[in-house]
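Chains as they are written, first to last, in our numbering: chain W, 1 to 162; chain C, 1 to 162; chain R, 1 to 162; chain Y, 1 to 162; chain U, 1 to 162; chain B, 1 to 162.
Calculated directly from the structure, the hints in this document are not laboratory data. One or more of the hints may lead you astray.
As the list makes no split between identical chains, a pair holds if one copy fits it or if it spans any two.
[To be verified] Listed below are the simulated EDC-like cross-link pairs for lysine to aspartate or glutamate, each with C-alpha atoms no more than 20 Å apart in a straight line: (1) Lys26 / Glu92; (2) Lys138 / Glu149; (3) Lys28 / Glu97; (4) Lys26 / Glu96; (5) Lys138 / Glu92; (6) Lys154 / Asp137; (7) Lys154 / Glu92; (8) Lys26 / Glu144; (9) Lys26 / Glu43; (10) Lys154 / Glu96; (11) Lys26 / Asp13.
There are 6 protein chains.
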Amino acid sequence: MNETGGPELTHLDAAGHAHMVDVLSKEKTRRRAVAQCSVSMSEQAASAIANGDVVKGDVLAVARVAGIQAAKRTADLIPLCHPLMIGAVSIEFDLEERSVRIAASVETLERTGVEMEALTACSVAALTIYDMCKSIDKGMTIGELTLLEKTGGKSGTYSRDE
Amino acid sequence: MNETGGPELTHLDAAGHAHMVDVLSKEKTRRRAVAQCSVSMSEQAASAIANGDVVKGDVLAVARVAGIQAAKRTADLIPLCHPLMIGAVSIEFDLEERSVRIAASVETLERTGVEMEALTACSVAALTIYDMCKSIDKGMTIGELTLLEKTGGKSGTYSRDE
Amino acid sequence: MNETGGPELTHLDAAGHAHMVDVLSKEKTRRRAVAQCSVSMSEQAASAIANGDVVKGDVLAVARVAGIQAAKRTADLIPLCHPLMIGAVSIEFDLEERSVRIAASVETLERTGVEMEALTACSVAALTIYDMCKSIDKGMTIGELTLLEKTGGKSGTYSRDE
Amino acid sequence: MNETGGPELTHLDAAGHAHMVDVLSKEKTRRRAVAQCSVSMSEQAASAIANGDVVKGDVLAVARVAGIQAAKRTADLIPLCHPLMIGAVSIEFDLEERSVRIAASVETLERTGVEMEALTACSVAALTIYDMCKSIDKGMTIGELTLLEKTGGKSGTYSRDE
Amino acid sequence: MNETGGPELTHLDAAGHAHMVDVLSKEKTRRRAVAQCSVSMSEQAASAIANGDVVKGDVLAVARVAGIQAAKRTADLIPLCHPLMIGAVSIEFDLEERSVRIAASVETLERTGVEMEALTACSVAALTIYDMCKSIDKGMTIGELTLLEKTGGKSGTYSRDE
Amino acid sequence: MNETGGPELTHLDAAGHAHMVDVLSKEKTRRRAVAQCSVSMSEQAASAIANGDVVKGDVLAVARVAGIQAAKRTADLIPLCHPLMIGAVSIEFDLEERSVRIAASVETLERTGVEMEALTACSVAALTIYDMCKSIDKGMTIGELTLLEKTGGKSGTYSRDE
């Protein structure tokens, strides 16, 4: 709570300046976060991704690698994120008729949660799909990027469905 | 066009393998791309951002810096993107009652377009806002990330409204 | 002590070659370092920074973000620095008539101190201010970059004033 | 000139927000910048650096490599710096009784100057010397970081002595 | 030629210090380099890579992405390498009974050659294969990393077979 | 073991997709890895490296710094490598008549081994030597990159000689 009793932005100090908040008094616990997003595209683009096993493998394989690497660089991209050691990452794709759904799961054993790592992994995997398909369809939309689930840490379990 | 007369994914070679396509025969021309996205949030989170000039300044100022820096790292994040020298970047925010709209504009004088740079800038600016507001609202959604406009280069002008 | 009984440069091995020294037998303890520096400039440049709340906010906000991010990249910049997980960073500015004073504080819970992280944060924040003001004053000087205080670790507390 | 007739911070737009300014209309010309700084230290630290050819070679060799690499990463460290292709870098050291003087020279053939690259190279070389000598002397001061000379570009030659 | 009439290491100046040599007087021409290497492994490891289309696709797809990204980071890894804009990269694998042969081709239109980019791409692709197969075979050897061909630039064409 | 009873590639999940495997249930123990490789070159190149103490110092000093820094960036280069905190790195060179032998030793106190860090350090040190000597000899070969020794962790000690 801040002075006026309202919610507070913990990344800003009392004077409203950005700082990286102190997490050193938090305990190291196993933490997990799952994020998801969706890339909407023309049927033509979706079927180009699906067109043959090898090609499909490669488009999504490249996006998967990009997402995993982005998870590791999260603290380098998001200014006030704490650096942390990721212990596991996996990224799943679900290719539909006019979209690709992406889910990224990240686990760690640290003092802060990994929701930013999961969201960043989803986001960069989606941008990679966009990049690889933009010669066919420039009108793609990346949407619905959300945190699906977060477990571990003092604040307990968060689930979007609740 | 590929062998079967369908559209082709230029990032995949004839065997379906990823490669970075040859752009060296393209001309260096002035190119510009504008991308946009939106961060939907609770009224509480939006008003925390807006709560006082200094605080508002700082949240969006941090997101703006993060977006500009991300534009410069696009080729490092997106595996098959060509490296290029960005000549100008600007990021604008429009704070609404329950969302922040983000628009990123990137310009260059290179052989390839800068749509990935503009999309990446939007995306990382949005993730930064999420990171700074997640202590208030974990249910935020980042959505509607699209290319709004693209000018320059052989393929001519693209505008989402057309 | 080295062979001749003089002080030794621990980053060089017995043959005088650079190596990253072994810190694995040190204990993980809470460690903190504070560094400071100063950017001297013309009155014109200092008043341009101070000219209006929004503008002032933005110059120093950008420098603050740059300094925080640099703290996280210290081991990537300084060859023999150990990588470590930063737990907290804050950067304060004091705008005077012809200078900006910068203080950076970094905390961790690791096997090595964070003086290089604090010094690097100060240094990059100062360079960012230089970059943003150089259109007005090319004659700025960045000076007096020193370690102000260091606590934690086996070597005990260091304070510049002692 | 800005509205009030005073000097302007070109990194801030009309609304006072940070942006990366458009340099695309500038011409590519050969540009050079030289920066310098000084690391003040105890006689003990200075003589440890000088103590034997091999050791001296290594301390300054490591600092030289760090400075050259930092010059290449300038746009990644300083948020509003334009990326550019460096064509030449050299770093010279002058070891005195109680200090090391550092001079860094950077050349390019681009649309913007390389003063930030030269200043960043000096700064990181100095931090590296600090890191390698801090086991002997924690009271070192890095100072007098300035632009010595800048040639090329529309604004003509700048020399600190003028 | 140096003073003693012998060959010279152009990355060292007259005093034997490292510097990044001046390439600004060289012309921008189309340049290409091809490098190759080989990862020797047990039959068991080679057949695990080949075991099923999907799995094979993924191991080599990950290595391909890693190699392409490494090509873009060459100047960040190799201290005296000039930064340059890569225009095309492709990496081919040839899976044999007890080895994987890797060939990387890089093209650019710059003032310096791209042999380091091609060699770095091969090297990181090979390390990625090692990483992905080390649970089966720790005794793999990465060998025969060489420049196969280099075209463009003042020094003319180099071919290993000559 | 996988379904068919053969060895498994732990970096691929049940569906053959790449993921970063979960190491969080492993214990943090002291781990060490030593890797080696060799750069074969003409006598002319080898004697240019050896030609005078200062020059020799600098070539190998630059390669040593490059190798140490590469060890710290391993997880950024190799897509499925876990990030970890390196506790010690040293790189030794053995200059022979027509080759340089490189050995890199890395130690940590983490949940995964550091063989990739040691191999990456060797590899980048070798590439740096190649870069610095290629003006004399383009026909150099980097070979025999292997893991020499690995200790710590559940799988026990590995030694190439066994």
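Structure-based check of each hint:
no.	hint	result
1	Lys26 / Glu92	neither (31 Å within a copy, 24 Å between copies)
2	Lys138 / Glu149	between (31 Å within a copy, 10 Å between copies)
3	Lys28 / Glu97	neither (42 Å within a copy, 37 Å between copies)
4	Lys26 / Glu96	neither (41 Å within a copy, 34 Å between copies)
5	Lys138 / Glu92	neither (24 Å within a copy, 22 Å between copies)
6	Lys154 / Asp137	between (44 Å within a copy, 16 Å between copies)
7	Lys154 / Glu92	neither (28 Å within a copy, 30 Å between copies)
8	Lys26 / Glu144	neither (31 Å within a copy, 35 Å between copies)
9	Lys26 / Glu43	neither (48 Å within a copy, 29 Å between copies)
10	Lys154 / Glu96	neither (37 Å within a copy, 32 Å between copies)
11	Lys26 / Asp13	within (18 Å within a copy, 33 Å between copies)
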